[in-house]
Amino acid sequence: MKSKHILIGLSFLMVLTFSTTAQQQSVGLRLGDPVGITYKKYYNRSHAVELGIGTAPAHWSSNYYLNSFNEYARYNNYRYRNHTVQSTLYLQGRYVWHYRIPAENLDGTLEWYGGAGALFKAAKVQYRFQNREAPFAAGTDVITDFDLGAEGIAGLEYTFPDVPITIFGEASLFLELADRPFTMRGLGGLGVRYNFRRR
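Heads up, our numbering is the position in the sequence shown plus 981, with the first residue counted as 1.
Treat the hints with care, since some could be wrong.
[To be verified] Label-pair distances were calculated between CB atoms; the ranges are:
hint: 1; residue 1: M1165; residue 2: A1119; range: 17 to 23 angstroms
hint: 2; residue 1: Q1107; residue 2: M1165; range: 53 to 59 angstroms
hint: 3; residue 1: A1131; residue 2: T1065; range: 16 to 22 angstroms
hint: 4; residue 1: L1158; residue 2: N1063; range: 26 to 32 angstroms
hint: 5; residue 1: Q1067; residue 2: F1177; range: 33 to 39 angstroms
hint: 6; residue 1: R1109; residue 2: T1164; range: 18 to 24 angstroms
hint: 7; residue 1: A1097; residue 2: V1144; range: 26 to 32 angstroms
Just so you know, the hints here were simulated from the structure itself, not pulled from any lab data. Fair warning: this is a prediction, and the values are worked out from it, not measured in the lab. Ideal placement from N, C-alpha and C gives every residue a C-beta, glycine not left out.
Given the sequences, and given the hints that come with them, work out the whole structure.
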C-alpha cells in the first residue's frame, strides 16, 4: 500500500514539474509491463530522453518468481507451493533515436524509434512452501526482490496534426544484471502522451 502512495505522489510531482517547464516535452500514461506514467523530452526532433515510473499487475511474471524461488539457497529444503506479489515498483531511464516514416495520405507524423536504457524493479513477494522432510509443515516468507539491468527498445509513435497528442506502441528486451545475471525478459506496452509544445 505504501508503494502505491509513493507511486501516486511521484507521478503527480512529475506532471507538475514538467508542465511548468514545457519545451518539446510530453507526459502521459503507459499500459503494459510496466503500467505507469511516462515522460519524454525531445531534442532536435531526432532523439529523446524518456523517464518512467510504474507498477505491474500482481499475476504477471509468475514464472519468473517461481524460478527465483528455486534458485534461492535459503529455500533449498523447501518445496514451492505458490506466491503472491504484494507490490511492484518500476523505474526506467532511456535514450532513443527517432526516424520519420514517409506515409502518403497521413496528416500526422509517424515515426519509429529505437534505443537503450536502464530499468530498476523492486517487488515485495510472499512465498508459501512446505518442508521437504516434513510435508505437513507449511511456511511462508516475504522477500523484497531487486532487479537492475539494461533494456533495448523499439517502437512506433504517431503524433496527431491538430491536437497535441501522441500515441505509441513498443517492445523491449530486458537483460538483468542483478540479482539474476543474464536473465532475459520481454516487455511491451501501449500508451498516449500529451505534448506541451507541438513537435
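>> So, against the hints stated earlier in the document, which numbers end up violated here?
In response: Going through the list in order, the structure violates hints 1, 2 and 3 and respects the others.
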